Amino acid sequence: MRRLTGILGLAVVAVAALFLFALKQDVRQMEDELRAAHRDILSQQEAIQVFETEWSYLNQPARIADLAKRHLGLQPISAARIVRLDDLPLRAPSIKLATKQISPPRKPDDSRLVPASSDAKAGSAQ
Amino acid sequence: MNRRVVPPSRPNCHPVIDTLPPHTIAGHGARVRLDGSAARALETGRTRLLAAGLVFALAFTVIGGRLVDLTLLSQNSEPKIAGGPTAPQRETGRADIIDRNGVLLATTLPTASLWANPHQVLDPYDAAVQLNTALPELSQAEILAKLTSDKGFVWLKRGLTPRQQYAINRLGVPGLQFRQEPRRYYPHASLTAHSVGFTDVDDNGLAGIERSFDSDLRGAVQPLALSIDLRIQHVLTQALADTMTEFKAIGAAGIVMDVRTGEIVAMTSLPDFDPNHPGSALADARFNRASLGVYEMGSVFKIFTTAMALDGGIVTLDDRYDTSKPIRIGRFTISDFKPKNGPLSVPEILMYSSNIGTARIAMDVGALMQREFLDRLGLMLPSTVELSEVGHPMLPSPWREINMLTISYGHGMAVSPIRLVSAVSAIVNGGILRPATLLRQPANTEIPGTRVISEQTSHQMRQLMRLVVTRGTGKKANADGYMVGGKTGTADKLIGGKYARDARVASFVGAFPMTEPRYAVFVMVDEPKGNASTYNYATGGWVAAPAVRRVVEQIGPLLGVEPIRTDPEDEESELLYVRASAKAEKVAAN
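So the sequence lines, in the order shown, correspond to chains E and D. Using my numbering, you'd call the opening residue of the first sequence number 1 and step up by one each time. Using my numbering, you'd call the opening residue of the second sequence number 127 and step up by one each time.
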């Protein structure tokens, strides 16, 4: 009986030790993974920072202004083009709206743009 | 413990011994009943053992209980999730600087620097040829000299871009190594050079915000938000650069300020420099004309003379002054650029920028009050803006009568543009002077300030400044719909103690919309030369005012200022309107 208790106790201790060892290995492995993930996060953060800097660089107002001028034909809004909603005249109900396709402004000399006959969607894809 | 002196324990002793199983004494194989002194000794030993056992049992119970408590029972203070090391923060050693909309202005990037151990480079010739393709700015001979040297470590190129690093990695040349080094980078280069400033290679702030917030930026993680709006900054810089080219000027400066908060929305000084390579910039380019430079501002000072006279009740808008004859004081003569005949009213003096008229107003005001008023406007002290580059004003000492007269129209006293804009903001915003700041202020908070003029005077000054633009010298600043008001200024430059005839500073300071000013705009052009399109005039009205109009037209929509539609006939009768309303206000004040 006493012997059995001793063997049982030893077995329990051995199992517990084994279990603890396995658990510790698991934790160690997970810690390694965590460290690797942290390293990865850091390098990703650095990459993001580089991209953000490049984004800011590419968004230099002078560059955007030049691109807008060359490709979009946009110009600064003049004050005359800004009106309040209340100032707009009400549409007379009897007049039928003209169904004219509105296409983006294009420069006639820009050969890369699609011919005037194609629809607005193709023009804006340029 | 002596049992003999403790009688009650005795009766207990004997029955215990009697009832206990007899002790076995090893070796004898027989049961021996002990009695007398031996039994007593045994009894003492047992008791002591029991006591010790009890103490141990208690200790083990406590430990066991605690073990159960810790392992099986959950505790409130215990976190539900095991806390591991938290995600790391990127440590750059220096916080970013962003504009008011969050656009990155300054950041620290980990850059790779290329070095080599020449002993490990197998074929220096081949390496030099290959490296030259990736880094064309390094000559083959230069690389070869480094790679064939007898050292164990040579820098080839520091601060590589990611693209360059990739290209070098692709070459696969053995013996080349990278080392990570943080480097300060300014994506917008020269655009915000003077406000943001720059650092040296060791990340010490040397100028601008980088210098004044050096210790705050170090180690901080949160980016520092400036009051600068990059879009406005671009518009202002572009307008100034165009004006400089058009009039072959040597420099220019401009400021856009929120008159309600004192925030500097844009600040430009030209020529500028690239803060990524500050070493190659000329001293003149690094000089911040907007905050460090002090200039005699010329006629824009007439705003202050008029305001102090109106606020002090010295003059009313209906008072007239004779401007037909120049004023002679000692060897000085004060005359007008474009003389007008007859007595001019106070609004007309400002409209036509009459030196004589303004000097006569100043005579009525007096030197003491003039000094006190300019001091109240903060024009006697360097600006409190968050830059170390702030210019000290140049003041006459002593403040004689002639100084009083010339200062009334902006000569004989030099102030920095930033101080001037702060003062003008106070004049138009209802009379509250707020310190100029380069840091973004929290939205919808009242920035404390000091009252410098009454609301009524501020209202009158707005009308007068609007009049200058609609009818006077500042017509070219009239941005359609934005109700610009302001004042032109042209000052001859002091060169070698004498006023130069052909070197001048042309300026315009204004605000918009004059009905309820939101932003003050200042433009100053250093030594413009007149051209055919301006009939060879190089005055504030011809040079700086058009630049202000261009700036206001473009930034108005960006800043969300609603254009005001005005009736041309109303504009025509504005002079009368100013008079009438001034009278009405006077009646109301009485």
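Source of the hints: derived by calculation from the structure; they are not laboratory data. The structure presented is a predicted model; accordingly, all values stated were derived computationally and were not measured. Backbone N, C-alpha and C fix where the C-beta goes; we use that ideal spot for every residue, glycine too. Don't take every hint at face value.
Said to hold, decoys possible - Taking beta-carbon pairs under 10 Å as the criterion, some of the chain D residues facing chain E (in silico): (1) Arg502; (2) Thr563; (3) Leu565; (4) Asp618; (5) Leu620; (6) Gln680; (7) Pro689.
| field | Hint check against the structure, violated hint numbers in rising order | value | Hints 1, 2, 3, 4, 5 contradicted; others consistent.
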